[in-house]
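A.B. asks: Take a look at the letters that make up each chain.
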Amino acid sequence: MAASDTVKKTMSLEVFRYRPDEEDEPTFQTYEVPYKEDWVVLDALNYVKDTMDGTLSFRWSCRMGVCGSCGMMVNGEPKLTCSAFLRDYYPDPIRVEPLTYFPVIRDLVINMDDFMNKLTEVQAWLQPKEEKPVSEGEYRQTPAELAKYKQYTMCINCMLCYSACPVYGRHPEFTGPAAIALAQRYNLDSRDGAADERAEVIFKHEGIWGCTFVGDCSRVCPKHVDPAGAIQQAKVTATQDWYKSLLMPKRK
Amino acid sequence: MAKSNEPIWWSMFSAGGVMSAFFLPVLIVITAIAVPAGWISTEGLRELVQNPVTRIFLFVVIALSLFHWAHRFKYAAEDLGLKQLGRFLDVLCYGSAIILTIIAAAVLVTL
Amino acid sequence: MANEQPTIAGKDYVRAVPNTWWLQRKTYVTFMVRELTCVFVGAYALFLLVLVSKAGDAAAFDALLNSPVLITLQIIALPMVLFHSITWINLTPKVMVVFRGEDKVSPALIAGVNYVAWAAISVIIYGIASCQG
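Sequence order for the protein chains is A, B and C. If you read the first sequence in the numbering used here, its first letter stands for residue 889, the second for the next number, and so on. If you read the second sequence in the numbering used here, its first letter stands for residue -1, the second for the next number, and so on. If you read the third sequence in the numbering used here, its first letter stands for residue 106, the second for the next number, and so on.
No lab work stands behind these hints, which were simulated from the structure alone. This one's a predicted model, so the numbers in the text were calculated from it and none came from an experiment. Just so you know, nobody snuck in bad clues.
Residues on chain A that point at chain B, a partial pick, calculated with CB under 8 Å: (1) Ala1087; (2) Glu1088; (3) Phe1091; (4) Lys1092; (5) His1093; (6) Trp1097; (7) Thr1100; (8) Lys1123; (9) Ala1126; (10) Thr1127; (11) Trp1130.
We treat Cβ as the ideally placed atom computed from N, Cα and C, and that holds for glycine.
Let the sequences and hints guide you as you build the complete structure.
C.D. replies: Here's what the structure looks like:
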């Protein structure tokens, strides 16, 4: 047996705790977890919950980077904990906190009502230009038409971009990266006919115009959606529309 | 109308961003390096500035650069915590840009 | 159907965002520096305005261009304005998305074209100033 087998490697997790029924202020609790080369932060959190402290609360689901549930701050960076490998931090301690810029319900669980409301506000669903019955066949689209919005379909609503966005942090009324990227996903979809309605929402001051193109949203996005790009393109569209309605008011 | 009128400021900020990005570096090289080093004479530059085409070009660069500054500075000031100034910041930034643009027009027309 | 149940006694913990937020991440610091380059852009535009207003007075014009203080300030402004140019051109592909059929034109190409244009414009402007001077 190799000598290293008898010495179990461990790592420190410094975890944000907040128990509203017991305290008014959050604290940090440190757990020593086993270090396994193939473990992610989510594995370590589940180890804590299963064997050390069943009171620790956090969200997770698919554990493979597609559901968007397990977003948390890992050493100050918004990450999907199912995709943050312990080996990238070992042997230093890892600080785990709830996604920043969101209110904390308990421990690592944030209140995401605001984001859910915004998805409804921007009407993040397809509204076909012309409704047709199933008997008339599919809504057809060319590959070129698909290419225009495909990148924005990749959003898994993980909200890491909101935790990266200082505008959202300082002005929570800001519609935010994911909601605007999702609005664009439908606006740019050739089958959709609700761009004008969405414009009433996202072309407001707290819509696209709150964005100062910090760009951190796109940097942290695990699906490479590039919400920052989506917002800047929306600004161009909004500006073109604005000048058109100024110079040709009778149009539309 | 819910839609913001931000496009007027943003389009000028963008145009100014392009003008300043493309033209300012070489202009600074001319005024801060080439002229002091003697590679370009001040007299020659002065004559060039009198030229009507140069005047229009400089007006556009100066005016748009000022609007670029105004819009960006307004947001930066808010980000740094000066949001309490609110509307006053708008007036200060865009107002200065407008006034200085008028002055620039006057200067360049009467040369 | 939204979960409308209030959280415990409305005690969601809200973490404050201080005015020093931009010092908390490297990307934020870079962003703030980029934004503040506008001060140097505005300042140089102002300098140009003053310079041009003295075009009828050879002595004053000369004095402005040879002032050690103004030269020093411009030398400080130059790298800041260059940082503006570089960050601006690098972000252009995000604002200007071009599709050729199914394929998105490479962002590197769009930025590259802008860099070439920037170089060409600079050479031309310098050439014009040089010929006159």
